[in-house]
Each structure stands twice: as structure tokens, then as C-alpha cells.
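2 protein chains.
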Amino acid sequence: MSPNLRLYNTLTKQKELFEPLNPPFVGMYVCGPTVYGDAHLGHARAYIVFDVLFRYLQSLGYRVRYVRNITDVGHLSDEVAGEGEDRIARKAKLQQLEPMEVAQRYTDSFHADMDRLNVRHPSIEPRASGHIPEQIALVEAILRGGLAYEANGSVYFDVLKYNEHRPYGVLSGRVPEDMLAGTRDLDGQREKRNPLDFALWKNAAPEHLMRWPSPWGVGFPGWHLECSAMGAKYLGNRFDIHGGGMDLIFPHHECEIAQSQAGHRTEPAKYWLHNNMITINGQKMGRSLGNFINLNAVFSGNHALLQQAYTPMTVRFFVLQAQYRSPLDFSNEALQSAQKGYRRLMNGLRIARQLAYAPDETVAADERNRQEVNALCEGCTKGMDDDLNTAVVVANLFNLLKKINSIHTGGLQAAALGEETFNRLTTTFITFTEEILGLREEKSANPDELIVSLLELYREAKAAKEYDKVDKIRGYFKTQGLVIKDMKTGIDWAYEEG
Amino acid sequence: MSPNLRLYNTLTKQKELFEPLNPPFVGMYVCGPTVYGDAHLGHARAYIVFDVLFRYLQSLGYRVRYVRNITDVGHLSDEVAGEGEDRIARKAKLQQLEPMEVAQRYTDSFHADMDRLNVRHPSIEPRASGHIPEQIALVEAILRGGLAYEANGSVYFDVLKYNEHRPYGVLSGRVPEDMLAGTRDLDGQREKRNPLDFALWKNAAPEHLMRWPSPWGVGFPGWHLECSAMGAKYLGNRFDIHGGGMDLIFPHHECEIAQSQAGHRTEPAKYWLHNNMITINGQKMGRSLGNFINLNAVFSGNHALLQQAYTPMTVRFFVLQAQYRSPLDFSNEALQSAQKGYRRLMNGLRIARQLAYAPDETVAADERNRQEVNALCEGCTKGMDDDLNTAVVVANLFNLLKKINSIHTGGLQAAALGEETFNRLTTTFITFTEEILGLREEKSANPDELIVSLLELYREAKAAKEYDKVDKIRGYFKTQGLVIKDMKTGIDWAYEEG
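Protein chains in written order, with our numbering: chain A, 1 to 498; chain B, 1 to 498.
With the rest of the complex left out, here is chain A (with noise of 0.2 angstroms):
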């Protein structure tokens, strides 16, 4: 546990240390995607950051259960809603759509995406669909306090009451006055005391596929509650970290809090974390603006902005230089740059898994070297601390990493910088790249192609009738279960069967 670590918190507006109410425990909440769609860019940077701050608190030892919802609460309306309830009713269930299918189809390559960019599992990954008695109960709770109210089937919540106690805008520093003067929401208004109200429980119309029985009819939850309802669930009604994008922190996260007091009487998170937005060539990415890219289009260079494909571990270390409060544009010529700099500290990675101690007394302690090395293991170690700044964290390890290459071409010898600080160093830039910012080796390699080059100069030693070399390439293909099969019709491999 790291004494030193700050983070800034969106509540207080400034860096805090970091202190967790119940050591060596922490909470962390993050908000998960909604999965009616494939997951872009702007996830990607979400969910790597927060998986970042996830491997750092464990790497200093502390105990995490961090929570990423699904939001699979969806909006979808059965194909021929205009028909009417009762053409919907005559319909068989498998002919109707079904909105668990889709969610689970977006879950399921949500996942695929996540795993390929090495973000590690959430510890409870709860669906919003999965928590409807918990949500129940938080409005109940909301509505015995006299801070909501009921009104064709749908439950307020009555932002201006609750703003007689407790300030509604504390995270935002948004101030109802100000946000009353500029309303435009027309949905539900007539029913809303007050345009900031925001729903707890919405009465579903019929052709709306997901809803619940509830004490007021049969609706679904509000978008705000089922936060509020699986985070005290999971973690406390009170817990250390709640984390997401700065494009949540009004209304979503904003009514999250007001929830919060209302219902359980505390603010949910001590800490409250919002990663920047990325942009595309400077331009806001949005589906209306057509330079939305998902993580499967960049993945394969299909999307009419990718100059090529970029790899998975090319998009985190695109996303891991910058800092998290920092905007992040992306853009060929970055993600380029991206490719390059991920490839070096791979390079490093394997040569410092090479590297190794040996004592020698002739060579003379080189104290500059020694000290310079020290330096730049602190600086990651500092960097992480204040305030997850990855990008200072790549930059030593680019210091580190010349150091490494020194060692391995000879310019500097490891028996001058003694045991301990040589040790320190190749830990250090090994446990940073991969346990903390979680950069791994992608096998650029393919192994077709590569028995295919194999046999080419198999083909050739035979030709020549270099046996010791045909053999030898033999030898090759038997340690990989693999055989070389010398047919009339050419030269072919195949797995060996025995």
C-alpha cells in the first residue's frame, strides 16, 4: 500500500490522497457499456484506464472487488409496435424480438474486445436487467424519504426538494437555476413537477419489450438508478472508488450522488474519477458526425479514417501515453507512432528477460549510471502516484529501456551498476510494462508462414544434398509434433498422428 498515491477527485476539484475507508479493502465502481452496440474507441479508453488504477491498487497490495456493470436495460421496441398489444400477445415468443438476445451478442463481443486489449476481469460484472428488486427497493426507500413522487406509473425524482437539503450539482457544479432557465426535455413533462426531475421507474408502454412488475405497474428503471442500486449492493452503500468518462458526470453520475443521499443517506464514493474523451483529428467522435470507430473496425483497418489496422496492444499504449484527464486524439500518424513505441518496449521486454548478473570485480561502480537508473524507477513509481500520470510512467520507461540496451550491446556494463540497482532495473521496466500498464507481446509472427519458410529451405538442402541440414530441419518440424512428408507430388508437412 503506497502512502503516496493521489488521485483527483471530480467532488473536491483537486488531488487527493489517496486513503480507503477500510484498508486493505477497496471499492471501486466503474460504469460499464451499454451493450445495444459494439464497443468504440472511447470505451477502450475508459476501460484501460480504469484497469490500470485496478492493477496499480493491487500491485500495492491492497484487497480490490471492483465492480463494471452491464447496462442491458434497453430501450427496444418490438418490431410491429404500431400493430398493437394484441397482435404482439398472438405472436409466439421466439418469433419476437428479444432484447436479452441482443444483449447478450454486444456482451459477449464487449468481452472479446476487452480480453484482446488485456483488461483484466471486473471481480462482479452485474447486469442492470439482473437487479430490478435491488432498484425497486432503492425507490422505495427514495419515495419513503419524500424525495420522489408518483405519477402515471412512473416515479420522479423531485430534484428541487432535494435541493432544499442537500445541493443538487455537487459534482458538476451545475446549479438547478441555471440548468431550469435552458430545459428542453419533452419526455414525460406533463408528468414532471419540474423539468429536472429525472425518472427512478418508467411506466412501459406495451410494445416495450423489458419490463417488470413493480409496486407502481409494469415498467423498467430509470438509466441513473441501477449504479446507485448494484454499487451499495456490492460494495457498500459508502465505498471508496466510482469511476467513468467525463461525459457522465452530468446527469448521470451527478443523480447518482442524489440518489444516493436520498436512499442511503451517505454520498456513495469518496473518490470520484472521470478519464477524457478521445477525439478523431481533433473533432468530437460522434455517430451523427460519421467518425465513430469501433474497436473491431480498427482492429482490422476497416473504416474509411484507418490508414491501416492497428493492433490491440497498439490502441492501449496509444491510450496509456497520455495521461487520463488529458484529451487524446487519435489520428494515423499517432497511432503510428503508437505501433513504433509499443514495439520498442517489446524489444526491451525480451532483452530484459535476457539480461543477467554476474558479479565482476574488475569492473569499476559507475555512480552516475547507478543514480540515473534509481531516478527513473522512482519516476514510475511517481508518475503512477500522482494521479495516474501514464504518460511520465512511458517516458522512464524509454530512459530505462536505453539503459537496458546498453547493458545488452556492451556500452554498460550491469557489474557497474552492482546487483540491487540492476535487479531494480530490469524489474522495474518488466513489472511496469506488463503488470501495471498491461502491455503484452502480440505475436506478430505467423507459424504458417513460417514452416512454409522452413520447408522452402528444406526443399533446398535436399536439392542440394545437404543432409546434415535436412535433418536437421527434420529435427525442427519433430519437436513441433509436425512431420515433413516427401511426396511424388512435393514436399508437405502434416501433424504427427502417433
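Derived from the structure by calculation, the hints contain no laboratory data.
Just to be clear, a hint being listed does not mean it is correct.
It does not matter which identical chain is meant; a pair holds if it fits inside one copy or across any two.
What the hints assert, rightly or not - When the alpha-carbon atoms are kept at most 30 angstroms apart in a straight line, the in silico DSSO-like pairs for lysine-lysine are as follows: (1) 93 x 13; (2) 485 x 340; (3) 462 x 485; (4) 478 x 340; (5) 485 x 402; (6) 462 x 13; (7) 233 x 382; (8) 340 x 270; (9) 443 x 485; (10) 443 x 469; (11) 15 x 443; (12) 478 x 465; (13) 462 x 478; (14) 402 x 382; (15) 161 x 13; (16) 93 x 270; (17) 469 x 485; (18) 465 x 13; (19) 443 x 478; (20) 340 x 443; (21) 485 x 472.
Position chain B relative to chain A; hints supplied.
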């Protein structure tokens, strides 16, 4: 859609023509794992078997909604259970064991195992804990029908009363009178009117960690209830196929039928399918017998009963060698034989993909081989249609493989079969191996080791001053995104950074 698919229906004790209720839709429910432990060989068999059914139905053109649940309503108690409710309540949420954290860990490892086994994801994978309102509604419906009763905050199904209207035991063939003679069930015995009655809802003791409010007090659903509630929710009250292991016929599936009849007024499934178990060296597999083998042990070889590691595809082939209702005995010999058979199929797959048809007027038609090939192709379909007899399919594939090898080595000429039969041969072999049986190539070759082999040949070529070969090998590396580094300290490779 095949007019010939016949499936053995446990309900009618005979093979029946498969006629879905609402073609082209097919609804299929299979009981998923309880996620409080790692998946073992028995899970592998069940989920591979129903994966093959899922794949076959899809290949026939059916639109299949496949639901496979996660049983996560566990019976974990807090470790300080003996210390009384107050003590538990005083502990911070994060300090308590959280059952969902355990469930999530094993859900994730189950998914990883299934992905390794190339089991396709089901259309919907509902969690029992996520469907409490649906389960409570079903209990209420059964209570309204008078076939259940409440006792001390629990609700039990009234088996004898149900049996007055509809026979209890239709699936298992058991007779209530006989069962009564042998009951020794102690749990909740004083609350039950009859020892055969089973819990629909259980009152939760304070230390029970998974608990929800209900009309009968705080508790949790009975085990049998979740499948009835979730099957109906996603597939309708009556759907086509319900599957699971034979060990689930009684009591689990028998109780499901009773629940659906009592609550939904219908048999839930038209076809009930059950796969046989895996024995180990002729013995029943069981934790108490110490012969229980988890899949990760099989894949790593790390188990006293294993002579070696077996790959996921070897396990898959081993399972599919047998028809799903046959007993299947695990032994090292059987797995080693499966490994050999699997590799033969994969060698066939590589060759089948390479073969191309070329018309040749000078080649005489070979009617005997043509007929044989056509009969073997039909044999694959007939095997599947005969209650998923994958053993027959595999036998036909091996005979098709002989023809493929014969064409490959020149013994049989493609032109002698004619284009249509030749195409049928390769297509049937590839489709049944890959799409229906779901066997895929597992690269045994390690790219890192192949690179080391190529580097060794590079070193030799350089020493022998064979510069053509040196350039050629450098070229091989370049196409893989790699560069060869000639350094004073030796020859090594690196990722190309440019």
C-alpha cells in the same frame, strides 16, 4: 431444414421426428453450470453435445434461440456464520465474502474453458440471481393454482396433490408411492407436508448471503425454479428442446415439468434430451472418489490420473467419437487414441483445402468410387439425423479422408469422380469436421521456437558465406514484421520498430 432429423425423447422413451412448434424458429434450453467450482470433464461432454445440436440445427436453416443458464444462486454463508447476525451486520460490506465475486470468477473460467473447447456462445445466458421477480411470479402462480403451500416463510410444491391431477414422474418413470418408501430427506422435513415435496422458495437464515425479499419473507429460490422461470421468459411457456445431463432427469427436470404444468398449464418442452455421463477407468466420476478431473487439469496434464496433457480439441474429439447417449469412459489410452484421430482429421482438413478440381477428358469415370463417396457423404447426414450419432459421422469422415488422401497422393483422380462428386467430397468433409463437429486446427507449432530454428539456419548460412540464403532468411523475417540483429554479442531477432 431436415425432414429426417430424429431425436430420442426422454419423455416418450423413443426416437421421434423433430418437428419444431413454430418453424423456422427453434427454442432450446440447456441447464448450465453451477458457478461455485471449476468445470470438469462432465461439463465438457454436456456442453459439447448440445453445441453440436445447436450447430446442426443452424446448419439445417433453423433460427435457433439457445438459452443456457448460469446457476449462481449459491448457498455460501459468511465465514463468521457462527458469530451471529449482529456481527455480520457490523462488518463492512467489503470485508464480507461476496458470493457474486465467487460466482463471477467461476463464470469467467467456465467461459474460458468453453471457448477453448470451441463451444459456440448461447443466444442468451441468463443468471438465476438475475431473475428473482420472474421466479417469485412463478411461485405465486403455483400458489394460486393450489399446488403449493407456505410454511415458515418457505413455499413447497405439493407433489401428492399435483399427482392427483397429473402424474408426477412422467420423465423419470418414477412412481411417488415407490419414492415415498425410500425417503430420507431431512432438510425442511418438519415444514413439508410430505417428504417428496420440494422447495420453491426457502426462508433464508441470517448468515445466508444471497437473499431477496419476497411475499413470504426474505429468502432465495429453490434450485428447480430458475430453469422453469427463465426458459418461459426467453422461449415461451412451451418450447422445443430441453437438454441436460442424465443426472438431471430426476429430480431437477421432473420438478421443472411439475412446476410448468402447475404454473404455466403446459409441459415446458416438446423434446427432452439427455446426454450420458463420463466415467473414469470404468468408475463413476465423483469428488468423493478422488477421480474428478477438472478441464484445466486435463489441458495442463496436472493430475495424478493423467499421463500427459490433452488439448481442448482432443477432448472435443474424444466426446464426439461416441453417440451422446452412450456411456463414455475416460482413460489415457482413449484420450491418446482421440489425439491421434483428431490429428488425422486435421491433416485431412489441410489437404482437402488444397485440392482443386481440374477437368480431364482423358480420365475415365470411376462409378464405384463416385458411388462410395456419395454414400459416405449421405452417411454423415444420416448419422446426425439418427439422434446425433456423431460416432457414425466420425466413421464416415475417416472413410472420406481415405478418398481425399487417395486423390492427394494420385491413387484416385479427381476427374474420375466428376466435379459434382469431387466438390461434395471436399465440402462435406470440411463442413462436417469444422462447422458441425466444431473441430478446428490447434497450432502445435510455437512461433518463437520456429524463429529460433530459422535464426540457427541463418547463422550457418552466414558462417558458410551463403549470402543468397542469408538474404532469403532476412526476407522471411521481414514478412513477419521482424528483423535479424547481427551484433557483437551474437545474432538475435527483434520486432521491426519502423
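Need the list of violated hint numbers for this structure, in ascending order. 6, 7, 8, 11, 18
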